[in-house]
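If you're matching them up, the sequences are chains A and B in order.
Going by our numbering, the first sequence opens with residue 1, and the numbers climb by one from there.
Going by our numbering, the second sequence opens with residue 166, and the numbers climb by one from there.
Just so you know, the hints here were simulated from the structure itself, not pulled from any lab data.
Since this is a predicted model, take the numbers as computed values, not measurements.
Just so it is clear, CB atoms sit at the ideal spot from N, CA and C, and this is done for glycine as well.
Among the hints, a few may not be true.
Short, incomplete list of chain A residues facing chain B, as computed with Cβ under 7 Å [to be verified]: (1) Tyr75; (2) Thr76; (3) Asn93; (4) Leu94.
A partial selection of chain B residues facing chain A, derived with a Cβ cut-off under 10 Å [what the hints assert, rightly or not]: (5) His237; (6) Val293; (7) Val490.
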Amino acid sequence: MKGRDDAPAAPTFSEAQLAEVHRLQALYPDPQGALLPALHLAQEAFGYISLETEEYVAGLFNLSPAHVHEVVTFYTLYFRERPGRHVVSVCHNLSCHLAGAPAIIAHLKTRLGVAPGETTADGRVTLLSVECLCACEAAPMMQVDDRYELDLTPAKVDQILGSLA
Amino acid sequence: MSGEAILTRNFARSDSHTLGVYRETGGYQAWAKAQAMEPTAILDEVKRSNLRGLGGAGFPTGTKWSFIPKNHPGPVYLVINADEGEPGTFKDRYLLERDPHALIEGMLIAARAIGSATGFVYVRGEYVEPWRRFAAAVREAYEARYLGSGFDIVVHRGAGAYICGEETGLISSLEGKKGWPKLKPPFPAIKGAFGAPTIVNNVETICQVPHIINRGAEWFAGLGTKTQGGTRMYSVSGRVARPAVYETSVSITLRQLIYDLAGGVTGNGKLKAVVPGGSSAAILTADEIDVTMDVDGLRNAGTMAGSAGVIVMDETVSIPEALMVVARFYAHESCGQCTPCRESTGWIYKMTRRIVERRGRKEDLDTILDVAKRGAGTTICAFYDGAVGPYISYIEKFRGEFEALVPK
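Let the hints inform the model, and build the full structure from the sequences given.
If you want it as structure tokens, here you go:
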């Protein structure tokens, strides 16, 4: 058993980030409305949402850590472990499936050497296979970090992967 | 080809999202007009226009607004559902990115009609660029004083969960909880976000409102069918020559939409089936496409207009495989609150998968149909009913194709 002293240090927001949390909380009739936005902010600041981060954010909202854990685990966009430097989310829903998403996913698996849900050994890319991202007019498609990459072909996928540092 | 473009009129311009372009093309004139109208007059105009909700349920918008208690002493909220997620649908993404001021102006008018001083716009978490575009437009609208003098908009980002597109799930999420839908009644108009009377409307629905105020209820009603006014944006994808968003009258038929607007089936192939209103709509066979695309036209055809996401399948498509993909989606997105939905979506995905992998059993198809039919209507929200639409229709209309995969 690890002693308490070995537990990861609790992450804390900077003054500016704390001010942003308070600004967000004031936008809602109940400050709790700002929980999802604050968790987005925490993920941006710390890279992912650890149990310690959940506890820290819970303190900022006067909520139980259990409530924050329940929220974090309900949604797909909060990472509970540090993801790769880039997150590649390929749509596998119906329109993309009809346009060849299975072949795109197979190609990504080969190129990256990981299966959906895994991160490359060098920490460069986390590959995910996700539900509809609502860009079906340009299927098959994927999201790379903040960007939508549309009308994918294996060659285009290679080009995109090549541009990721 | 499809008549006048109304919602999409500026889409071809690269700067269509700016306040300058919006104003230049008549933007915020409806808001000027609405400020001189009594709230009840706005409500009456929207009622008479036959505008129906364009997110999925197709409920008459004016009627929904009228459920807000009169002279309510506390706050009333207007919540915009920009949590677009229905598979096969992508119209709201275009509106947020290419005409965000239309949503802001529509919100100002709607807020006046229902007596709201605060609006929340719930944008799906994956929509980063649409969120940035819309947030930038909100800043422009504050600088121009459209916002901040009686009405404020809070732009809220979701975090990835299809169920938050369900209006009470969205409200739970907005309140800082997991997106579990709530039992109705009480309906949101009585007790919604943060316990206050709340109207939840879809992006496209609200973008129609300025045009109704500018040009009148009769004009808008005349664009559609007897029971639904206006145009709407059809998201067309799958095996078609020109997948895209098409704005056209709700009186168009599915055949016209596929062949006249979207260029027909890819490579002049043969049509096999179409999902007419997002993945939760029952599938139609190639012989069933001479139906009008309004809410009642599709309801009479045994399916639904839903979110107007049209997914086209040609003869190359395996219907059992398509159902497996759809079933995987519902299994993943079930929020887990109600037992019939949580359990059935998981098991039905496993069963469709083993059928596709040729490990199915003879009784599987009847088991799926039985489970689907028993569970429909037994849950808190419409999610499971939406899953049942494809389960039953894919199997009943293409049963032979499923049976051919089951080992003898």
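Each hint, compared with the structure:
no., hint, result
1, Tyr75, "holds (4 Å)"
2, Thr76, "holds (3 Å)"
3, Asn93, "holds (5 Å)"
4, Leu94, "holds (5 Å)"
5, His237, "violated (14 Å)"
6, Val293, "holds (4 Å)"
7, Val490, "holds (5 Å)"
Consistency with the previously given hints fails for number 5 only.
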